[in-house]
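Engineer: Generate the whole structure from the sequences, applying the supplied hints.
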Amino acid sequence: MKISPSTSWRLKDTLYRLALGKCKKCGNIKFPYQKICEVCGSLDVEKIFSKGTGSLVDYTILYQARDGFEKQSPMIVGLVRLDEGVDIVAPITDAEPSKLKEGVRVEAVFRRMRNDSYNGLIQYGIKFRVVLDAGNN
Amino acid sequence: MVSIVGCGLTKLDRYYELSEKDLVSEAYKQLITKIKEYDQPDIVIVSSGYIDVLGKNILSSYKISSGLGLQNTKVMRIENGDNGGASIFTAYSFIKSGVAKKVLLIGIEKFSDYPSKYVNEYLSYNLDNDYTYHVGITPHAYSALLMKKYMKKYNVDYEYFTKWPIKMHQNASENPLAYLKFKVDKNTVVNSQIVSDPLRIFDVGARADGASVVLVTADEVAKRYFDSPVKIDGIVGNIGAMNLSDPSLPSVAKARNELGDLPKRDVVYEIHDSYSIMAALEIEELKLAERGKGLDVVDSLDINLSGGLKARGYIGGGTAIYQLGEVFLHLTNQFKGKSANAEKGIILSNDDLGNTSYLAVLSR
Numbered sequence: 000m001k002i003s004p005s006t007s008w009r010l011k012d013t014l015y016r017l018a019l020g021k022c023k024k025c026g027n028i029k030f031p032y033q034k035i036c037e038v039c040g041s042l043d044v045e046k047i048f049s050k051g052t053g054s055l056v057d058y059t060i061l062y063q064a065r066d067g068f069e070k071q072s073p074m075i076v077g078l079v080r081l082d083e084g085v086d087i088v089a090p091i092t093d094a095e096p097s098k099l100k101e102g103v104r105v106e107a108v109f110r111r112m113r114n115d116s117y118n119g120l121i122q123y124g125i126k127f128r129v130v131l132d133a134g135n136n
Numbered sequence: 000m001v002s003i004v005g006c007g008l009t010k011l012d013r014y015y016e017l018s019e020k021d022l023v024s025e026a027y028k029q030l031i032t033k034i035k036e037y038d039q040p041d042i043v044i045v046s047s048g049y050i051d052v053l054g055k056n057i058l059s060s061y062k063i064s065s066g067l068g069l070q071n072t073k074v075m076r077i078e079n080g081d082n083g084g085a086s087i088f089t090a091y092s093f094i095k096s097g098v099a100k101k102v103l104l105i106g107i108e109k110f111s112d113y114p115s116k117y118v119n120e121y122l123s124y125n126l127d128n129d130y131t132y133h134v135g136i137t138p139h140a141y142s143a144l145l146m147k148k149y150m151k152k153y154n155v156d157y158e159y160f161t162k163w164p165i166k167m168h169q170n171a172s173e174n175p176l177a178y179l180k181f182k183v184d185k186n187t188v189v190n191s192q193i194v195s196d197p198l199r200i201f202d203v204g205a206r207a208d209g210a211s212v213v214l215v216t217a218d219e220v221a222k223r224y225f226d227s228p229v230k231i232d233g234i235v236g237n238i239g240a241m242n243l244s245d246p247s248l249p250s251v252a253k254a255r256n257e258l259g260d261l262p263k264r265d266v267v268y269e270i271h272d273s274y275s276i277m278a279a280l281e282i283e284e285l286k287l288a289e290r291g292k293g294l295d296v297v298d299s300l301d302i303n304l305s306g307g308l309k310a311r312g313y314i315g316g317g318t319a320i321y322q323l324g325e326v327f328l329h330l331t332n333q334f335k336g337k338s339a340n341a342e343k344g345i346i347l348s349n350d351d352l353g354n355t356s357y358l359a360v361l362s363r
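Residue numbers (numbering that gives the first Met the number 0), protein chains in the order written: chain X, 0 to 136; chain L, 0 to 363.
A couple of the hints might just be wrong.
[What the hints assert, rightly or not] Restricting the straight-line Cα-Cα distance to at most 20 Å, the calculated cross-link-like pairs of lysine-lysine (PhoX-like) are:
{"hint": "1", "chain 1": "X", "residue 1": "K1", "chain 2": "L", "residue 2": "K55"}
{"hint": "2", "chain 1": "L", "residue 1": "K222", "chain 2": "L", "residue 2": "K33"}
{"hint": "3", "chain 1": "L", "residue 1": "K152", "chain 2": "X", "residue 2": "K100"}
{"hint": "4", "chain 1": "L", "residue 1": "K222", "chain 2": "L", "residue 2": "K35"}
{"hint": "5", "chain 1": "L", "residue 1": "K151", "chain 2": "X", "residue 2": "K100"}
{"hint": "6", "chain 1": "L", "residue 1": "K292", "chain 2": "L", "residue 2": "K152"}
{"hint": "7", "chain 1": "L", "residue 1": "K116", "chain 2": "X", "residue 2": "K70"}
{"hint": "8", "chain 1": "L", "residue 1": "K222", "chain 2": "L", "residue 2": "K100"}
{"hint": "9", "chain 1": "L", "residue 1": "K10", "chain 2": "L", "residue 2": "K28"}
{"hint": "10", "chain 1": "X", "residue 1": "K100", "chain 2": "L", "residue 2": "K148"}
{"hint": "11", "chain 1": "L", "residue 1": "K116", "chain 2": "X", "residue 2": "K1"}
{"hint": "12", "chain 1": "L", "residue 1": "K55", "chain 2": "L", "residue 2": "K116"}
{"hint": "13", "chain 1": "L", "residue 1": "K162", "chain 2": "L", "residue 2": "K185"}
{"hint": "14", "chain 1": "L", "residue 1": "K292", "chain 2": "L", "residue 2": "K33"}
{"hint": "15", "chain 1": "L", "residue 1": "K230", "chain 2": "L", "residue 2": "K33"}
{"hint": "16", "chain 1": "L", "residue 1": "K263", "chain 2": "L", "residue 2": "K286"}
Hints in this document: simulated from the structure, not taken from any laboratory.
Structural biologist: Right under this line is the structure:
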């Protein structure tokens, strides 16, 4: 069994909504959300949700697939700076590598990640795609 | 106060006919035939990152110890990703505190039983398992992004990184225990397979099978086993997330700060070159080179004379124990490859992306 229903349920805020942890003491914002601030150790961390928009800082094209992700190979992996100010490493989808460049606007999209062929379970999550009308933003 | 009195190292290779237990047995036989006196260790520490998921092996410390015929000892496995430095730190602490007088360190990993896509899956367990693991990313992609950032920040092109594999393969060609015992030229590296642009196959540590055993003792009993024991002067460690936005390894910097300035002469270094970019950053964080020039000093330092993870081979969580054995051999003039006439040895052990680090200092 590759996919655990309870794990997917537990991680729904992270995997489906990009939950962030905002420290009320030092202001640090962390992805994925965690209850204790990684910078100052404060317990006063608020769960907020990313708007799902940001800019592509850089990207790479990954040619070595993992088990269960063969059909997504080669995978474009981006370093995305969310508008909340957090850098995250995430898959980029619906993109031609030749059209990707530093600073392009991206947005979160809900996608199927992989399925568990034996049990028929499907893991969903967030990828990012280029915002088509970014020039009008 | 803490000494190394012997080691056994298998050649790194693909061993389809041998299990983890078989490989450790081979290394152990070397150890016990070299030391003057044999008795059972007080504690056995197995250092392995993936023996549970790749070898379907839980309670591996007991199984491996039983396979060595040990009957009266205490056993444990320490999992710290690829950072076997944690096992060395534990052995050192047991002896320094007086809890034990003899600790047997065992490093073991076996990567060749599965194709790359499965091994990539398990190595990705190192990534955060709330998001990154679930969306299919591997450590290779992180390394590639880190490399791109470095190239932009320091205005270097891909050819800069070829210095590392060329040097490592040159060193490995002289090491009879190395996995990839051949030299490579710049043209070969530049045209090798892309793993995750700009990262190429020659920028990645070569996964191999192998084992290392190292006997660590208290000073007062060391000479029962070996006439010229090597001292572990100290071991420090720290954590700190690898910085993708401004390429750096805070965990290495913090560990190094605990030791102060490190020597460049009469010392042999073994560092965790999981990727060429990691080698560059580690050298810079150790302050052995200026920022952006880490790989310019590879010919002027005795660093990874084994061939490193790149060419001697990479055995995951067993790596640091293997390096400990290699440095012991250097400092006792027994190393069979390119040797260093060094008084000290320094091992930098970290996980593949450098979030955790240990620095061990050894001397004759």
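Engineer: Straight-line Cα separation of K222 of chain L and K33 of chain L no greater than 20 Å?
Structural biologist: 13 Å, holds
Engineer: Would you check the hint for K10 of chain L and K28 of chain L, treating anything up to 20 Å between C-alpha atoms as holding?
Structural biologist: The hint holds at about 14 Å.
Engineer: Take the C-alpha atoms of K116 of chain L and K70 of chain X, compute the straight-line distance between them, and say whether it is at most 20 Å.
Structural biologist: 12 Å, holds
Engineer: Would the hint linking K292 of chain L and K33 of chain L be met if the CA-CA limit is 20 Å?
Structural biologist: 41 Å, violated
Engineer: Under the criterion that the straight-line Cα-Cα distance not exceed 20 Å, is the pair K222 of chain L, K35 of chain L satisfied?
Structural biologist: 9 Å, holds
Engineer: Has the given pair, K1 of chain X with K55 of chain L, been kept, meaning a C-alpha gap of at most 20 Å?
Structural biologist: Distance of about 15 Å is within 20 Å: holds.
Engineer: Keeping to a limit of 20 Å between CA atoms, is the pair of K100 of chain X and K148 of chain L held or broken?
Structural biologist: 14 Å, holds
Engineer: Is K152 of chain L close enough to K100 of chain X, meaning Cα to Cα at most 20 Å?
Structural biologist: 17 Å, holds
Engineer: Sort out whether K33 of chain L lies within 20 Å of K230 of chain L, counting only the CA atoms.
Structural biologist: 18 Å, holds
Engineer: K162 of chain L and K185 of chain L: Cα distance at most 20 Å?
Structural biologist: 8 Å, holds
Engineer: Would you check the hint for K55 of chain L and K116 of chain L, treating anything up to 20 Å between C-alpha atoms as holding?
Structural biologist: Answer holds: K55 of chain L to K116 of chain L is near 17 Å, not above 20 Å.
Engineer: Check whether the Cα positions of K116 of chain L and K1 of chain X lie no farther apart than 20 Å.
Structural biologist: Cα-Cα ~14 Å, so holds.
In the structure shown, a violation is registered for the earlier hint numbered 14 alone.
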